[in-house]
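A.B. asks: Order-wise, the sequence lines are chains C and B. Mapped onto the working numbering, the consecutive letters of the first sequence carry residue numbers 774 to 1211. Mapped onto the working numbering, the consecutive letters of the second sequence carry residue numbers 774 to 1211.
These are calculated hints, taken from the structure and not from any lab test. Some clues are possibly wrong.
Which copy? The list can't say, so a pair holds if one copy fits it or any two copies do.
[Claimed, not checked] EDC-like, lysine to aspartate or glutamate: derived pairs with alpha carbons at most 16 Å apart:
no. : residue 1 : residue 2
1   : K1208     : E981
2   : K795      : E1102
3   : K879      : E893
4   : K1158     : E1028
5   : K1158     : E867
6   : K778      : D846
7   : K1029     : D1128
8   : K781      : D841
9   : K1152     : D841
10  : K997      : D846
11  : K1151     : D905
12  : K1152     : D1123
13  : K1082     : D1175
14  : K961      : E1102
15  : K997      : E1173
16  : K795      : D1012
17  : K834      : E1015
18  : K781      : D846
19  : K778      : E822
20  : K1029     : E867
21  : K1082     : E791
22  : K922      : E989
23  : K1151     : E893
24  : K1082     : E1103
25  : K1151     : E1174
26  : K1208     : D841
27  : K922      : E1198
2 protein chains.
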Amino acid sequence: MIQPKILKGFRDSVPSQEIIRKQVMARLEHVFTLHGFVPIDTPVLEYTEVLLGKGGGETDKQIFHFADNGGRDVALRFDLTVPFARFMAAHLQEVSIPFKRFHIAKVWRGENPQRGRYREFFQCDFDIVGVDSASADLEILSMMEASLKSLGLDRFSIRVAHRGLFNAFLGHIGQQQHSVEILRTVDKLRKIGSDEVFSLLRETTGSEHAAASILEYIQADTSKGAAHTLDLLSALAGDESEHTSRMREIFGYLEKLGIASRFTIDPSITRGLDYYTGIVYETFLDDLPQIGSICSGGRYNDLASLYTKEHLPGVGSSIGLDRLLAALEELGNPLFTDASGSDVIIFNQDVASQDRYHLLANRLRGEGIRCDVYLTQKKLPAQFKYAELNGIPFGIIMSEEDLQAGTCTLRRLATREDIGNLTFESLLSHLKRNKTDC
Amino acid sequence: MIQPKILKGFRDSVPSQEIIRKQVMARLEHVFTLHGFVPIDTPVLEYTEVLLGKGGGETDKQIFHFADNGGRDVALRFDLTVPFARFMAAHLQEVSIPFKRFHIAKVWRGENPQRGRYREFFQCDFDIVGVDSASADLEILSMMEASLKSLGLDRFSIRVAHRGLFNAFLGHIGQQQHSVEILRTVDKLRKIGSDEVFSLLRETTGSEHAAASILEYIQADTSKGAAHTLDLLSALAGDESEHTSRMREIFGYLEKLGIASRFTIDPSITRGLDYYTGIVYETFLDDLPQIGSICSGGRYNDLASLYTKEHLPGVGSSIGLDRLLAALEELGNPLFTDASGSDVIIFNQDVASQDRYHLLANRLRGEGIRCDVYLTQKKLPAQFKYAELNGIPFGIIMSEEDLQAGTCTLRRLATREDIGNLTFESLLSHLKRNKTDC
């Protein structure tokens, strides 16, 4: 006998979890599709050299890589961005530019598993590549908002900053040469607080004045609306620029689309060391700020420079699917409370009636009702238990009387309340009225 | 610059392919869900020992396995059956029996890539575990039929045999001891023809008479319907048995469900060396018999004996998704001809109208219309080209006149035919009328 163990940092998804994950993914994909985004897929396994570029370093230790049977050095993808860059370089002649793609798939990292961190997890990325316009920036932001709303989320805020503007500000105060270190420090603000950030900045810049200026910028008063915040920031950065005007344009559109209240400018958002050059953003749940951003991204200058000379600017975002699912569960989201395997189950009591059970089930399925049939004649309590375990709200029983009349009895399983002698039409209308979405 | 190459036997899925694959998977999942089947997921990576059992041999050479950073011998799953068996043993206390699960996911095998064979490919499995009943057998068969119909397939036949009955026949003619070899030979009938099968059987059994008997069984006259075929087979096997009565029961139900015409008894179906003990089946397309079975499976005695003492009989089936997709394309299935990224695109001509484009797009999306917006002001021919590449059937143009009147112009892109000055309501009704399913 072999022990059915699984690897550390990996996990099975049992139906009660997988039904919800699929439902969340389906809703997100529906929103993406409504916005004209198209799906792609890439291999799970790639040449290690292609995934790591010249780099290595930190990522190298975390990556699952090995020599395959042909002696090639291959690796499991550790994100969806690098394969997307490789994909764009490989298919430049086939795809239409601007290219709007989404990709929801597993990635693997060998990091030490902690609470809520796994070695196998899902990423959900969407990007618009090949165009640098306020319309594209807007579309990503607006789609982020629509995606979260589609999951029944209402209390969230998307915080937006502009990396170009921040860099211009750093240039203006003569700190451009320390920008990498400064970005990394500012990104920790939420974690370590402003006092600690101030001392780190003073250390980095060697100037109390510069450190104070940077704190002033990242903690600028945002309470008077986007236009006012942008006035402050552009003054701190020396002057109006293409960056402030892009931000003004985007926030003007958000206003006209009627969704501006979800968005705030937050100049402390930097996305750390990443490759962003334009807008950057993170999304926080009002009721669970401590879990961090559930949807983040930004505009970058060049996606695939590692693989092609073709210049591919883009803007994109990534939803942390596992973190989002944990949040939805903690918030008691209806997706979690309503999840069930079927809308109704037909109980199986009479060996001679198997065909009637399946016929009725097929008729209900034809009407879009998810209908289970208990597949053997166990005692009813065992069948009720099965229904309960699967969260099935209704059961159909065919009593002697029903069998003669060609009707059936519908039982609401939670309350054991019976409605008897239903014709197919009234059965169907009962079930349709009570159908949940998942 | 790194060459954006991918591994031999692996491939990207570009949107025109991925849209269709997702659509096919969504339709299958919809059918499974209507039947009360629930999804599970398992890790891509498992302990090699857990996946291979004591075995090894043929599979060993084909498996992608390696030592991870912790020195564990790990492997990419090579099918979905072994992980399912391991899953059932691990979660026996959590899941409800009978357990009806589906799993559509990638698997990896290091075989030499040939036409239509890849090292990374999808499997689509569905099983009912924990019950041995005609109702369960029927449900799998009926769901296979419904699955293929949901893809618009009409001309196919599901061929069913019974391994228990065949074994009883082999016992009756005194050939039980050669059954492994005989099954393997019979499984080749379609490939090598009956003469060759006869000589191989004569060699195996050492008896011309036995070889002739076996040919008589596997080529029994099936032209007079299931009941008659079963009469013949049970006579050849010595007598009526639980196996023939199970088959009679199943075919009786198929008749009553009105789907019997899709099913035939074909005693030459054995599924080779597999672990089946009850019904076995394969599915052939009338118009593409040469591609082989697109959906196969059977009833087995014990799923998870490698990992648990718990006895888990089951019945299941597997759709070869890549083969099925290739077949659908070859048959000119509407899923392939109608695939497009969006229902309509709003062309972008006026820099001052960005908000109006996005507002209109959001209204259409709210009505379920997949609406793209061209995200920058390129010349119209470039925008038309983009629409064409993405197979988008309609475009929206806002002329000067439209902008003043608050209307828009809808263009059918294939014919360049314009319908102008449409209000939102008439625009919507045009688009809804012309919406395709994918």
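A.B. asks: When no copy is specified for K781 and D841, does a C-alpha distance of 16 Å or less occur within a copy, between copies, both, or neither?
C.D. replies: between (23 Å within a copy, 11 Å between copies)
A.B. asks: For K795 and D1012, with the copy left unspecified, which applies at a CA distance of at most 16 Å: within, between, both, or neither?
C.D. replies: Intra 48 Å, inter 49 Å, cutoff 16 Å: neither.
A.B. asks: Have a look at K1151 and E1174 and pick one of within, between, both or neither, based on CA distance no larger than 16 Å.
C.D. replies: Neither. Shortest intra-copy (21 Å) and inter-copy (72 Å) distances fail the 16 Å Cα cut-off.
A.B. asks: Between the shortest in-copy and the shortest cross-copy C-alpha distance, which are at most 16 Å for K834 and E1015: within, between, both, or neither?
C.D. replies: neither (40 Å within a copy, 59 Å between copies)
A.B. asks: Which holds for K795 with E1102 at a C-alpha limit of 16 Å: within a copy, between copies, both or neither?
C.D. replies: Answer is within: at 14 Å inside a copy they meet the 16 Å cutoff, but 27 Å across does not.
A.B. asks: When Cα atoms must be at most 16 Å apart, do K1029 and E867 count as within-copy, between-copy, both, or neither?
C.D. replies: neither (35 Å within a copy, 51 Å between copies)
A.B. asks: Give the relationship of K778 and E822 under a CA distance limit of 16 Å: within one copy only, between copies only, both, or neither.
C.D. replies: So K778 and E822 pass the 16 Å test across copies only (10 Å; inside, 32 Å).
A.B. asks: At most 16 Å between C-alpha atoms: does K1082 with D1175 qualify within a copy, between copies, both, or neither?
C.D. replies: neither (74 Å within a copy, 41 Å between copies)
A.B. asks: Since the copies are identical, ignore which copy is meant and state whether K1029 and D1128 lie within 16 Å (CA to CA) inside a copy, between copies, both or neither.
C.D. replies: between (59 Å within a copy, 7 Å between copies)
A.B. asks: Indicate which option fits the pair K997, D846 if close means a Cα-Cα distance not exceeding 16 Å: within, between, both or neither.
C.D. replies: neither (55 Å within a copy, 59 Å between copies)
A.B. asks: If the cutoff is 16 Å on CA atoms, where do K879 and E893 land: within, between, both or neither? Let me know, please.
C.D. replies: both (7 Å within a copy, 14 Å between copies)
A.B. asks: Please sort K1152 with D841 into within, between, both or neither, judging by C-alpha distance up to 16 Å.
C.D. replies: neither (53 Å within a copy, 49 Å between copies)
In this structure, the hints that do not hold are numbers 1, 4, 9, 10, 13, 14, 15, 16, 17, 20, 21, 22, 23, 24, 25, 26, 27, in rising order.
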